[in-house]
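**Student:** Protein sequences, first through last, are from chains S and F. Going by the numbering used here, the first residue of the first sequence is number 2, and it counts up by one from there. Going by the numbering used here, the first residue of the second sequence is number 161, and it counts up by one from there.
Hints were generated in silico from the structure; no laboratory data involved. Ideal Cβ placement from N, Cα and C applies to all residues, glycine included. Treat the hints with caution; some may be incorrect.
Claimed, not checked - Which residues of chain F face chain S? A partial, calculated answer using Cβ under 10 Å: (1) LEU182; (2) HIS202; (3) PRO207; (4) HIS216; (5) ILE274; (6) ASP351; (7) LEU554; (8) LEU561; (9) LEU564.
As the list claims (entries may be wrong) - Computed beta-carbon distance windows for the label pairs: (10) ILE582(F) to GLU163(S): 49 to 57 Å; (11) SER176(F) to VAL19(S): 16 to 24 Å; (12) ARG201(F) to LEU11(S): 31 to 39 Å.
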Amino acid sequence: MYLTAMTISLASSIATVVGIACVALLAAWGLSHVRPRRRVAGTGPSAEDRRGLLIKQVERSTTNHAALARAWLALQLGPSDQEVERLVLALLALPRPPYPYIVALLDSALDKPRASDFFARLVPEHHRRLRHLGLMGLSRKLSVDPALRGVLLEEYRSEDGEARVLALRPLLATYAGDSTPPVFLLRQMAADPDWRVRAAAATAMARWGTMTVVTVLRGLLTDSAWRVRHSAARALTAVPHLGVPALESMNTHPDPYARDVAADALDLLLVAVTKRAQGSGGVSR
Amino acid sequence: MTTSGLVGTLAAIGVSWILFALGFYYALWVASAWAMFSYARHVMPIPLGILRGSPHVPPVSLIVPAHNEEATIIDTVESLLSLDYPAYEIIVVNDGSADATLSALIARFALQPIDRRAVATALAVASVRGTYVSTITGVPVVVVDTANGGKARALNAGIMAARYPLVCTIDADSLLAPDALLRMARVYMADPARIVAIGGSVRVGNGCTIRHGRVVTARLPRSLVPAAQAVEYIKTLAGSRVAWAAWNGVPVVSGAFGLFRRDILMAVGGYRTDMPGEDMALVFAIHEWCLREGKPYRIAHCPDALCWTQAPATLRSLGTQRRRWSRGSISTFWLYRHMFGRPGFGSVGAVLMPSMLVLDLLGPYIIFVGVLLGVYAVVALHAALLLAIVLGVLVSIEILLGWLALLLDDFVLSVYPTSDVIRQLAATIHMTIWYYALTTYWGIAGHIEWLRGHNSWGTIGRASWKA
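With these hints in hand, go ahead and build the complete structure from the sequences.
**Tutor:** This is the structure in structure tokens:
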């Protein structure tokens, strides 16, 4: 019994010492963060040196967050276009590059025209990852330079479904200045075997309020994929004059899913209209 | 076997258990400290402004199951409406409340019935009585009214009604910090191909100052029972959960605040409706599914995404909750026992489940036998002094482990004012005397209830946050 007790005491004492050492280390770490390090003005490394160091650290980073954190710091120091490209290449070399995060990082750090130019430059790249990043960067732009149409069309005709989804939005954005929609392209997108392409196409079509577009969207209401039906119905609610009658005409459609999604969209539209009519009173964000 | 032989054997088992527990908890703490410092160095410096307003942040459906939550539901939804996040919707599932939960929601948010038949039954849900949508909120607020079917069925109904690829479950008595969801997105977006779920940092909000559904001042509760739980939550999250996330063996993503990929939830069949501790069972199901499918995955933890929950304020309601947790823990372990000790199931099979068996499930019994041995040592062997020394050393190590976790949390996250941190450190001392004795008792009681087939939730009273 005494031997047992002594063993426990000894082990516990060792653990206590280890614990105290951990507390001391932790306290030291905390203090080093609480007390700001002094730096005499003008004696630190130049912005260029710091950028170079950070970019090297990004290239050596093994985790996404570490790479992103250092890339953010480097972007704050106003890098040149070559340095931005080097940073992006380093981020894309990560085992699982976080594309949306990189796009958000560049969108946030570079001014808008510079970011748009940068993404547009990446689209014709041979490197698949760079191309995808460029497409993703352009996918939220309302209009894209029509000169890129050829490259985007080529990308859209790819076998890769993900590439087609990514190329679809910027491709349609190149037609933003045209008064008539690219009907042949829209029909092709609506018949795509990948439901993600059909859903993205339905959402993107709402920008043209023509009868042709409404007809294509009405056809998508009977699609086999729920997300496509839903996107088509929501897009129809955004088409002035023609969308609502098209949805109402689905009341007697033989397909119960098409009737359902149309009724749902009309319900939501009614709610939105009621909200607008009630003005700004009530709860808001 | 003679009495001294039996006592010696039991003492040897106890000693081995204590040494294993101490070593394991220290290892957990060291791993936690490593992960927390890494998080502080690599994740926290990335400004949230990059993601705030960015169209590339994935939209999230927030699911709030509510059963008899009229006291807190309005505050909760208002807290969610003020979240700083680019695109999200709020889905409240009224789980057959007998009180005025639904009417309070209808009145406050001017709900209108809509015919959303998309709430299909791919997952186990109770019958849907109606769906409503708010006409006055900027963020879509959808209320799905179902017959009473339990929390798991309510959550499943919410998952079915969700439109977005990520769903976030929140308890109806919880309040999120305005940037909590954005912080989770910061973690998710860095590795979206692998991350399937993220747990948030759930804190006790009983003592906090709340205004318009927001925690404006974080304070430790004044009452003893909620304060002890507040300290326990911090110790668990900072002292072990972060380490489990680093080892990809997270045992549970709290139902109070957790983010999941909707497609993964659908793939594993949503929440189980036939057992308590549905949140733990769901996480085990996700581990098993991903490992069986050979899918690279991670269940992460976001220590700075804060969620404030109402802890039980009385010992009676705390006992009800802890017995349910104990039942949930043992039933999940039993259900997934085929993963036990199998390296094919990664750190869950090789590390989590063995440690769960030895520390969580057998722990209360070993402590109970240890107490009996202590009494025997005093009465029969007259070794009171020696026992007091041993107990003193053990208790001081337990306190030290608690302090390490609390200090780690404070150094990295600094949620509470210094005076409250000192109170937390002091609470760790007295909690070793009464709180862990009670949790040990409730642990054993929960196991007995599980053996008897008891499967109810029990009743835990809620108070308004304004109270």
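**Student:** If any of the earlier hints don't hold here, list their numbers in rising order.
**Tutor:** none
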